[in-house]
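> Each chain, letter by letter, is given below.
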Amino acid sequence: MSVAMLVFIACGLFAVLGAVGLILAREPVHSALSLVLVMVALAVLYLLLGAAFIAAIQILVYAGAVMVLFIFVIMLLNAGVEVRTNLSHLARWVGLPLAILFLAEMTYSLFHEYAARTALAAGGAVAGPVPASTEELSMKLFTEYVLPFELTSILILIAILGALVLAKKESA
Amino acid sequence: MEFVTQHPVLVVSLIKIAIALFVVMTALAYLTWFERKVVARIQSRWGPYWVGPHGLLQPLADGIKFLFKEDVVPPTADKVAYLLAPFLALALALTTLALVPIGPATISILGQPTQLVISHSPIALILLFAISSVGVYGVMLAGWSSNSKYPLLGGLRSSAQMISYEVSLTLSVVGVLLLAGSFDFYDIVGHQAGHWFHFLPSWEIFPQFLGFICYLTAAIAETNRVPFDLPEGETELVAGFHTEYSSFKFAMFFMAEYGNMITVSCLATLLFLGGWLSPFPDRWSWQLYLPGAGLIIGGLALIVGGLRSVQWNAKAVFPVLGLVCIGVGYLCTLHGATHPVAKAVQGPFWFISKVFLLLFFYVWARGTLPRFRYDQLMSFGWKFLLPLSLINLVGTSIFVVLGWHP
Amino acid sequence: MVPISYYVILSGVLFGLGVIGFVFKRNIITIFMSIELMLNAVNLAFVAFSREFNQLDGLVFVFFVIVVAAAEAAVGLAIAMVIARNRKSLNVEDVDLLKF
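Note that the protein sequences, when read in sequence, are chains A, B and C.
Following our numbering, the numbering of the first sequence begins with 1 at its first residue and continues without gaps.
Following our numbering, the numbering of the second sequence begins with 1 at its first residue and continues without gaps.
Following our numbering, the numbering of the third sequence begins with 1 at its first residue and continues without gaps.
Fair warning: there could be bad hints in the mix.
Here are the in silico distance ranges between beta carbons for each label pair [said to hold, decoys possible]:
(1) 147/A <-> 86/C: 36 to 42 Å
(2) 23/B <-> 154/A: 46 to 52 Å
(3) 94/A <-> 383/B: 54 to 60 Å
Just so you know, the hints here were simulated from the structure itself, not pulled from any lab data.
We treat Cβ as the ideally placed atom computed from N, Cα and C, and that holds for glycine.
So here's chain A without its partners, still in its complex pose:
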């Protein structure tokens, strides 16, 4: 087993554990911390895939800003332990088995079809030879995708305005 495989298994395990922790934790801060664990594990996987810039952005924006905002709001609103409600009968006896079936089916088909195809296409070896360089990525971002890029800046502006209007006290 190669080092890359070991790293993948460790990070994958951490990511799944974090995701399960997110669902099972009743304290919102614990959920948030589990999600941070998932994000850090995914960042390591991005590094493994040769996308160092995306890994850094993942940590910087997701773990460093978005999740900090989440925890800040949890602390600000003093969100206590979550109240658990029972599932409706429909959800428990029909929805849950269907969800599990869907997940299993997706996993099976992806594994089966895709593994066979990659094995055919590249003789078992996978992943492109060159790791993505930051320069190429930014060239792509500012030439081919320049319009979507500018649109996202407008989106962020709208989001800021929306957040400001929502969070403003009504009396003022």
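Use these hints to put chains B and C onto chain A, whose structure you have.
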């Protein structure tokens, strides 16, 4: 030796990490001594004086005291987060330093040529910001998990403050990135080599003065230091986020704060102050003797101070240290300072001098400025610092696009 | 090397867990977190396929997804704050004025 030849990068990296950890830990300890001394001078006091000559052994005594104090964990605290917080804070503060190069020289460890940095990455700057942006968790978790009102207020304040000032901090650096055109510290420092008009070093601080001011201010806020130390303001929040911490966990928060201080100073040095470059033109060859001369003078001071001390242990230890300093200093001046050791020492000497200057600035600011009010802090960050760094960014990009930059 | 299909499966599992969290959680903030988890899972698939086909477009999309996630978090948390202020609760079952 077989293991070394099979995994050269791993072994050399481990050795470098061990050395760096030792140096940084010592520096952290002595930064507390330095800060107490300088603040004492500003306030016309003596500061630490009794443990060793000029209180030089005070950090050691403090460390031992922290280790032997009782470790109290509040019964209502959230145990996992409470224990995680100080480790997270300190570990992340130290990790950022792995990306900081301190000199251009290539040295040889166990026969393996290696650079004076633990991890050389082409996107080092973004990685550094990424790691330091996660550092806020230490403070937030400490505040939340203590389950007590003052720490919670401290944690809330600190997270709001750090998110707000991180924006200005990152934007103030973008100007330098535009001029240098790289995220790699070696490229950024290499871009600053040379002089204008044969005497003014072409460091980014001159074209990017606005950015430098924004960076310094935002960096003080990011490290939670006076005048922006609202998260731990002792007159209003007892001790802020670390009120409920005792013993070595408390010390870990302090070490993390000083570690962050060192990191932001290193970053400012690399980005704005020319990193390891000498401020003098190359034709002045006498500057090569400066590191050696500095070491010899420091060694002499240690010997004299040690011998004049009243404590017997200081009398024994400090002259020996002084002799070692003089010996290394002498080595650095041999053969007209062209000895390999002397050449390797040039970069780190200038780098550490500049970092030291910035650290002095931080301590100076602490001794001089009063604390901000919280609403003033927020409106200063969003209404003054952020527009200023944006103006700097837009101005710099106009210059770059028009090709006016030399 | 790790086959790309492993990454895609991990991405699918994380997405599924995100869906489960979205459906089962009752706290509005943790529901938002589940959405973030789903977006992260999608990102992993994007990066994996980008590496597989040696094309950078996938990474550009990850960039956009991260931006959208940040914007969504800002607006979503503002909504959560308004709900908490008006209804004194973060439980989504208490937000039922449009239900009949």
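> Are the hints correct? Go through all of them and say.
So, going through the hints one by one against the coordinates:
no.	hint	verdict
1	147/A <-> 86/C: 36 to 42 Å	39 Å, holds
2	23/B <-> 154/A: 46 to 52 Å	48 Å, holds
3	94/A <-> 383/B: 54 to 60 Å	55 Å, holds
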